[in-house]
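Undergrad: Take the sequences, apply the hints, and build the full model.
There are 2 protein chains.
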Amino acid sequence: MLLAAMMATMAALNTLTATELAQHIDSGTATAEKVVRAHLDHIDKRDDDVLAWSHLARDAALETARMLDRGPRRGLLHGIPMGVKDIIDSHDQPTTYGSPIYKTHQPLADAATVALARGAGAILLGKTVTTEFANRHPGPTRNPHNPAHTPGGSSSGSAAAVADFQVMLATGTQTGGSVIRPAAFCGVVGYKPSYGHFPTAGMKANTEWLDTIGAYARTVEDIALFRAALMAIPFAPIARIASPPRVAVCFTHHRDELSPEGTKAVNDAAAALAKSGAEVKEIELPAPVRDMTQGQKTLSAFDGPRAHADEARRFPHLLSESLRKDKLEAGAKIDYATWVAARKLGDTGRAAVDALFDDIDVILTAPAKGEAPLGLERTGDATFNLLWTYLWMPCVTLPFAKGPIGLPVGIQLVGRQHEDVRLLDMAAWVQGALA
Amino acid sequence: MLLAAMMATMAALNTLTATELAQHIDSGTATAEKVVRAHLDHIDKRDDDVLAWSHLARDAALETARMLDRGPRRGLLHGIPMGVKDIIDSHDQPTTYGSPIYKTHQPLADAATVALARGAGAILLGKTVTTEFANRHPGPTRNPHNPAHTPGGSSSGSAAAVADFQVMLATGTQTGGSVIRPAAFCGVVGYKPSYGHFPTAGMKANTEWLDTIGAYARTVEDIALFRAALMAIPFAPIARIASPPRVAVCFTHHRDELSPEGTKAVNDAAAALAKSGAEVKEIELPAPVRDMTQGQKTLSAFDGPRAHADEARRFPHLLSESLRKDKLEAGAKIDYATWVAARKLGDTGRAAVDALFDDIDVILTAPAKGEAPLGLERTGDATFNLLWTYLWMPCVTLPFAKGPIGLPVGIQLVGRQHEDVRLLDMAAWVQGALA
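Protein chains in written order, with our numbering: chain A, 307 to 741; chain B, 307 to 741.
Read the hints as simulated data drawn from the structure, not as lab findings.
Quick caveat, the model's predicted, so the values are computed rather than measured.
The reader is advised that the hints may include incorrect statements.
Identical chains blur together in the list; that is why a pair holds if it fits in one copy or across any two.
[As the list claims (entries may be wrong)] Once the Cα atoms are required to be at most 20 Å apart in a straight line, the calculated SDA-like pairs of lysine to any residue come out as:
| id | residue 1 | residue 2 |
| --- | --- | --- |
| 1 | K639 | I539 |
| 2 | K708 | A542 |
| 3 | K587 | A739 |
| 4 | K639 | A534 |
TA: What follows is the structure, encoded as structure tokens:
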């Protein structure tokens, strides 16, 4: 009986959560090698349809798994496979940054988040597709729910791979909406920490004042586990919140740009949370926070010709038209005084929005305009992400509903800067209340 | 006559300022090739005594110079040689980060500041010695004024090379006091911009929340020229300030740790500035700013095991004892809550110190405790730098006096965050008033 039960479990190893898998590996009912094999088998079936990986390290992942199976427990992620967005360096796998300029690039070192996860026992299954330099020009990845639709971007491969059970944990980066939006489009949990919480060393810079490494998983519990490893801090499992949170529903200044399914998801979630005891009210953001998305755009554009100065100087012919226009040309038009003003406006905005949290616990908003758009040429619109990224606030998106064409529609929870632990605890409560 | 006059000029090309050289090259009275040769000749005479370079690109620099001499003017720094601290990537020169782990490291790309300077016509003469990962473990560089004394660190080679007329412009980085202190010890002008003003893409991370690329030159005018190129903004020459500045003399909470020569330099400079019409008063920093140096130490230590996670995991035996103790072990003792508190304290401190500038224009303080200490094992003490780095304020150090053993003693000017242009204008006025 035991063997049969175990075999049944094995067959579905890639569909478990990381938290469950860690228990299986700890108790000896699964090996890291079998976990990796289960994922590779599933990838073999699905890769042609999803194209989530820019590099898949089949042999190296199996070898690492066998090595881990022979040794003592390394840490929180012992034997757990992970995907890493290919904008983040790895010492033993190529790192292309989504650009032909770097197609032969092999960094000498692991990025901080890669080294920390490996130190905790994680297995780097491969590098996931990023748009060019984590900007707009897309890679080949398709939405696993419908290959005619974008998975979102720039962390396209990570969101798609986690959604498609090809890996259970993956990292991404967000400068505009590049973690949260693909998570919502693919129907997984996405987490963008407070700015600067996950160490960025070894990540290809995009916009210094905004770039934030984030995480994908299929449950909030897994995000908490992954987060502890990526920050090298002790793991505290999700805690039950003392009382239902005070939820501020916020459609932002861009309410009219939301799709009907996007609006419905936020309203339905708000109603369900109220039913579960949350205090729910709708808020308008105060001036000057309300229309601050321009601040994000200014910072992002200004850094374009600077962060990509080498590529623009030596390889302009290998840059996409989108990068040349949206980052280089746009950036060249922004003067220094405008950039300084955008940095100062961020200070003002952070102080203003922080004060809101004296009366609320969490903001409930949309993670994207609605379902993933048709086509692979564009990765969707970041309007509902720019403000929170600009203000350095932690964000979580949760899968919630299906839209008119059957694709996932999520909700987004935004917390107070630095109160990431509390946000994840509330997100777990919300996930329970909406289940 | 013309030829003789020109030859006389040529002999001293390496002693000119970049601003002067740019005019010579523009008007045809010097070529980039001759400029490079003058520097290489001087380096040949002095390198054994100073050891400022971790890599010197003799042939490549000459080749680039000849190429520039054949072509049209590239930009602000056309034909001007520069040194780059070897913590900053260069695509055609090795980048060791001052560590044996990276002794064969050849990056694929230029860091943003390197690419921008090259785009403006600068010639990368070589990479300058850095301490290990811009921390404390020193490289071989000696103080050009007395080889038994440290040049300071971590930007040891850049400060020493500029002071010794081996190059006229160089970059450094400051996380604690790594730009300002070596400049003061070597007797050159050092500039640490407001945090985030020079793009850091392609710099080896040390402490994400503090790392700032800075610049060395022998005049404030040259700093302004270099700064425009490194930020890719239009060059505005130093402007005459409308009236003498309101100067706040500040010995900080650490007044008792200053050497007699350090105290004397600040007092003498204050008296001279008052004589030139400045409104001079002494201030005590308000609480909670006063004793905030611990904030810098917390941020720096916390990032140690994170920014250097790969090196700590794979090459612990190649790390210095200093790095293991000061960064890795110290960092492992700091918990997440303490780190978050240090980030929040920075916000509070920045707001408090910003308000001071309603009544003052510039802070006059010490750049270091005094003269460069004897010995090469330590690079000196950063006590008089940590606070300003932590508060993201722009700093300039100017050479001013000699100490009891004949080594340079500088003064430091600290400006309001983001008001770097004004700080440089005031620094030029101060330099004139003290001349």
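Undergrad: So which hints don't hold here, by number, going up?
TA: Violated hint: only 2; rest satisfied.
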